[in-house]
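Chains as they are written, first to last, in UniProt numbering: chain A, 1 to 350; chain B, 1 to 350; chain C, 1 to 350; chain D, 1 to 350.
Do not take every clue at face value.
In the PhoX-like style, the derived pairs of lysine-lysine whose C-alpha atoms are separated by at most 25 Å in a straight line are [what the hints assert, rightly or not]:
{"no.": "1", "chain 1": "B", "residue 1": "K317", "chain 2": "A", "residue 2": "K203"}
{"no.": "2", "chain 1": "C", "residue 1": "K43", "chain 2": "C", "residue 2": "K71"}
{"no.": "3", "chain 1": "D", "residue 1": "K21", "chain 2": "D", "residue 2": "K43"}
{"no.": "4", "chain 1": "A", "residue 1": "K167", "chain 2": "B", "residue 2": "K166"}
{"no.": "5", "chain 1": "A", "residue 1": "K166", "chain 2": "B", "residue 2": "K250"}
{"no.": "6", "chain 1": "C", "residue 1": "K167", "chain 2": "D", "residue 2": "K43"}
{"no.": "7", "chain 1": "C", "residue 1": "K167", "chain 2": "D", "residue 2": "K21"}
{"no.": "8", "chain 1": "B", "residue 1": "K2", "chain 2": "A", "residue 2": "K250"}
{"no.": "9", "chain 1": "D", "residue 1": "K21", "chain 2": "C", "residue 2": "K317"}
Computed far set for chain B versus chain A, every beta-carbon distance over 10 Å [claimed, not checked]:
{"no.": "10", "residue": "L190"}
{"no.": "11", "residue": "R279"}
{"no.": "12", "residue": "D288"}
{"no.": "13", "residue": "R289"}
No wet-lab data here; the hints were simulated from the structure.
We put the beta carbon where it would ideally sit given N, CA and C, even for glycine.
Now for the letters of each chain:
There are 4 protein chains.
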Amino acid sequence: MKTYSVAILGATGMVGQHYIKMLYRHPWFRIAALTGKESVGRKYVEAVRGEAPEPPKEIAEMEVLPTDPKKVDADFVFSCLPTEAAREAEPKFAEAGFPVFSDAAAYRMEGDVPLIVPEINPEHLNMVHIQRKKRGWEGYIVTTPNCTTVGLVLPLQPLKQSLGVKKVIVTTMQAVSGAGYPGVASLSILGNVIPYISGEERKVETEAAKILGRYGDGRFIYDSVEVYATCTRVPTLDGHMESIYLETEKPADEETVAELLAEYVSLPQELNLPTAPARPIVVRREPDRPQTRIDVDAGTVPGMSVSVGRIRVNGEKVRFISLSHNLIRGAAGGTILTAEVARHMGLLGE
Amino acid sequence: MKTYSVAILGATGMVGQHYIKMLYRHPWFRIAALTGKESVGRKYVEAVRGEAPEPPKEIAEMEVLPTDPKKVDADFVFSCLPTEAAREAEPKFAEAGFPVFSDAAAYRMEGDVPLIVPEINPEHLNMVHIQRKKRGWEGYIVTTPNCTTVGLVLPLQPLKQSLGVKKVIVTTMQAVSGAGYPGVASLSILGNVIPYISGEERKVETEAAKILGRYGDGRFIYDSVEVYATCTRVPTLDGHMESIYLETEKPADEETVAELLAEYVSLPQELNLPTAPARPIVVRREPDRPQTRIDVDAGTVPGMSVSVGRIRVNGEKVRFISLSHNLIRGAAGGTILTAEVARHMGLLGE
Amino acid sequence: MKTYSVAILGATGMVGQHYIKMLYRHPWFRIAALTGKESVGRKYVEAVRGEAPEPPKEIAEMEVLPTDPKKVDADFVFSCLPTEAAREAEPKFAEAGFPVFSDAAAYRMEGDVPLIVPEINPEHLNMVHIQRKKRGWEGYIVTTPNCTTVGLVLPLQPLKQSLGVKKVIVTTMQAVSGAGYPGVASLSILGNVIPYISGEERKVETEAAKILGRYGDGRFIYDSVEVYATCTRVPTLDGHMESIYLETEKPADEETVAELLAEYVSLPQELNLPTAPARPIVVRREPDRPQTRIDVDAGTVPGMSVSVGRIRVNGEKVRFISLSHNLIRGAAGGTILTAEVARHMGLLGE
Amino acid sequence: MKTYSVAILGATGMVGQHYIKMLYRHPWFRIAALTGKESVGRKYVEAVRGEAPEPPKEIAEMEVLPTDPKKVDADFVFSCLPTEAAREAEPKFAEAGFPVFSDAAAYRMEGDVPLIVPEINPEHLNMVHIQRKKRGWEGYIVTTPNCTTVGLVLPLQPLKQSLGVKKVIVTTMQAVSGAGYPGVASLSILGNVIPYISGEERKVETEAAKILGRYGDGRFIYDSVEVYATCTRVPTLDGHMESIYLETEKPADEETVAELLAEYVSLPQELNLPTAPARPIVVRREPDRPQTRIDVDAGTVPGMSVSVGRIRVNGEKVRFISLSHNLIRGAAGGTILTAEVARHMGLLGE
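Only chain A is shown next, with the shape it has when bound in the complex (with noise of 0.2 Å):
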């Protein structure tokens, strides 16, 4: 099978490096090109922002090149660029004929452009043979869901399908990874809950509803569900805790909740794809778990399986606890497993 060389860019923030963690050794695709902005022409490994652990040393060595389509040589690209500057780029890499896989904010809610869960929504991908008509570019974009939606729409869809779901109230604890780096000021979150983040709750609201949604005659069909969302800072490091409140159409009990969220399995799954999870909810039995600090990197592929636990349901109205790693399902990884199930779908070419 083919080997695919990739570009990331915006390579040298919190997400790159775990774009970088996650495809260094990955069976398919080989790290090509990184970009960056400040750092161009500095050698990787002096340009990486944050506390992340040390690349390895070919990563290491690899000089930071323009995000500039015609100094990129790869055969698609994975963008965690900053809003403006995706919005920028990522059409110019689409127009010169990269795929590109986003885990920016600026296209995700385009009438064209797909907002892919890959366990979810695989069947939106198609929506790129009409994206590159009428855009006219030989490439395309692809682009994944904020952090936060990921934790929420995954355990949804299952209840969805079974139950049937109208309406959820969501209240999210999100880590300060979140916010990048520098993010947010020590100062700010020591000892503290800030009960704001600028813009998330309406791209829960709104990109839940997208995913959720039916791909059909050419458009996506939004689901009706209705999504109220508080988001949080808390001084966590990694990982995005929802408590999730749902009133589903069906009446459910405890254990009919957490077999359907324990045995979802859905196509990466399936296919065995090198970044699907074996499991993509865990279901925690325990009183008190998950538990961010503990739990954020669960999963057979760690980070890419969102845990669930204290379900409580009384007869259409279920409670849960999500936990999910932000920067790796609800970032790098969901957008690499996407483009897995894309290679799988012939979106990349042979």
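Since chain A is already given, all that's left is putting chains B, C and D on it; use the hints.
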């Protein structure tokens, strides 16, 4: 006016220290006795657990007494005993003629025991007459709610009065001081969220209906509001934050909700009681407030006001953040204010 | 007595907020002007960075002025500018006739600039006469030391006077507020210790010798004490702890050292200056004190006393823990007290 | 080669969990028994305290045995009992014929008990022959030092060998896991530094002299190095940082010190023992490393190398930062490596 001598039962814990701080210069109440358990016979300053600032000199030198009505000389008592100790000791004190004002959980849900938030249901105090008769006690027991309940019901009350409240979904982010000392191990909570506090959710759900209910025909008629709570522990020191979603009977808008909350005053304010804050609810208009560490001491009587912010309204769906000081409004301060109302109602004698 | 109008240069940062808090009700000094940089022209309340409590109303409404002597009308100025801004602005203010009391690092080690800890070397203030003549300034610059230096030299001074001090080895554990706002990223410091603060160790080592030295013949004669410092950052909010080991010329015992420290008073105490704490050093006898969070506000003027504990003496080897408030005694408070001494010495005019 | 069956005494605590993790796939040693106290008779997975990841399945199912030599079947035992329990149990096991490798404090300073850091003083193990004869035991007790001692003496040893070391002043910043579970209350340490750990300083000061000393004529001759320690607790999870100042006999420079540390290897490396890291000391050249959270797992065997950085040398005055994993190199790992050396020396039988 008479000065009342008071005893504090269980005075050596975290809440006991706050009672002392708030009673030390109280215009009506004078600390006459402190009780403990392991520390009986020692000086208070040597018995006190935890990390509080030093008590005033004359309090520091007081001898810790056993929690025994025969050993205590006072006009009435405050109890911040642990639940099991309260279950045993409080009836003995009531039988021995002491009015007992307790923030312990033991008797809160008894059919003849008032559960008081002074701004909301002071008229429930009249139940003590029935309680005394029924139990054959010369004294009585009055309780105040769980620290988490207070931060919920205080903002609920004005909304209920004007808009009607049908259903409440609340997720809490509670400080470690709520678990007392030593309480939560540092290994358990540093950089972590624990989405479980034993028994807490049931307390919030049942206590709210009692407090918001009516007192009539010699019994408590519970409010019909449905409450669904999820309680978590976060690495903050003092102050319980609550993310509250509620559905009202009448639609509203953000300005209306903000005004209802900001302008809410009740009996303690009208009587200008010593421990009553000028405003029981402080409304924050900034996008990112209240924050736990910064706003926990809000109010003209520090820690006695609940801070509310991030008000978002969609028709009948109302969301906001509430923050209250778990040791002050949620324990010592709320109970002292209850005793002040009781004095006004003549329940402490002349 | 005259009331002096003062300007605060760089008033919008963390230290500036402490100047305002301490000057707001000051009996001699009245806040007349606040300067800033990006925020020039805005109201102070909108310009202020960081997490401080709200400023008093009339301060909140003041317009932020540019840091330009022509735009500032005041009897003298306090400067808490960043080093580079201080290097540029402070001489302009001195030239324009303003006495400048600065906690910035820019001119601390200049040969004609006093570096003052009011209890230790107030007589160094006389250097301003030489400074004015030499530089042809109508005003002058007086500096106060790095926040870490203060917590070292204050307890050193009484020991030096009575026992002689030859060598000091100090390891600091410094709070994040010492880095200003936004300062240290939460990702960098949560659950971590960073054993490095750029430039800090050299400051402590050189400033101590100047402060503890003599002023004679129109010049500063440095003290011969050797100081070896290691400075670390820990996840605390306010308060720099220092683990100090020193070798004295004469042997001592623990009680002697404790008494020398506890009984130490100096000119600010003798003059009963408004910002002088009754005791510059508070000695703690408990085995586990001082602690950063608990003892940071020690003193009759909160934050103006250095707490010392864990005194251990083996002949000429003396060990103890020192804790000082980096924003108060180590910045705003120490500089205000210096200005109070200067007024007493007639250096502010009548 | 023989596989040895081992028992872990006190297996349910924090250190016990690390023994299990490190022994589970050990090439020479096989976990045969786990002992506890309150949890005797329960499955290990139900008995384990604290916050560790789940043990492997066959360990999880093992029954917790009483700490009684009659109930334990093993070739030798590891002990991570609390001090008082160790004082009672370890001699019983030694008397019953078990070699006991203990990280408990009870017998470290006994005249006939080896206190081993495998790289530094493996020859001290020969004392067990005298110990057995003197005490009439078939087995014996070998101890390993306090977790804080290890991070000091490992870098001291190569400097002592080449430069001579006369005096050491050390300030530690120790993680909460060093106090076990539940250990330090979160209320005590959140946003705080506690400059005191009961008994710790004396341990560091006395153990260092024994470990760095010689074994000759059947007795331990203590090294003459003077150690002055100050031990503090900081809000980190794992990893004890130490700020070390020492005075050498010969002057040096930074490069020499860095090389002496970086190139230091000893018997465990020469024997290529299973738990020996390639380098016992990892030297960091960055200005701000090692950092507790980032570097705690340094080494080819994670947690078995001490990280050293910030080397500063002024003639005979040498300063540096040391960081070691208190539960691995400072407890379980160091003791396992000691047993590996003992096996090499024939002390475990064939």
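Pair hint outcome, K21/D versus K317/C [Cα-Cα no greater than 25 Å]: Violated. K21/D to K317/C sits at ~43 Å, over the 25 Å cutoff.
Given hint K43/D paired with K167/C - CA-CA distance at most 25 Å: Given pair K167/C, K43/D is violated - Cα atoms ~57 Å apart, limit 25 Å.
Verdict on L190/B as a residue remote from chain A, using beta-carbon distances over 10 Å: Given that some Cβ of chain A is not farther than 10 Å from that of L190/B, nearest at about 8 Å, it is violated.
Verdict on R289/B as a residue remote from chain A, using beta-carbon distances over 10 Å: violated, 8 Å
Given pair status - K71/C, K43/C, alpha carbons within 25 Å: Distance of about 16 Å is within 25 Å: holds.
Restraint check for K167/A with K166/B, where alpha carbons must lie at most 25 Å apart: Since the Cα atoms of K167/A and K166/B sit roughly 16 Å apart, the hinted pair holds (cutoff 25 Å).
25 Å limit on alpha-carbon distance, applied to hinted pair K21/D and K43/D: Given that 25 Å is the threshold and the Cα spacing comes to 17 Å, the pair holds.
10 Å cut-off, C-beta based - D288/B kept clear of every residue in chain A: Given that some Cβ of chain A is not farther than 10 Å from that of D288/B, nearest at about 4 Å, it is violated.
Pairwise hint evaluation, K203/A against K317/B, where the allowed Cα distance is 25 Å at most: holds, 19 Å
Hinted pair K166/A and K250/B, Cα distance within 25 Å: holds, 21 Å
Holds or violated: K2/B to K250/A, with C-alpha atoms at most 25 Å apart: Status violated; Cα separation ~62 Å.
Distance rule for R279/B, whose beta carbon must clear each one in chain A by more than 10 Å: holds, 20 Å
Hints 6, 7, 8, 9, 10, 12, 13, counting from the list given before, are not met by this structure.
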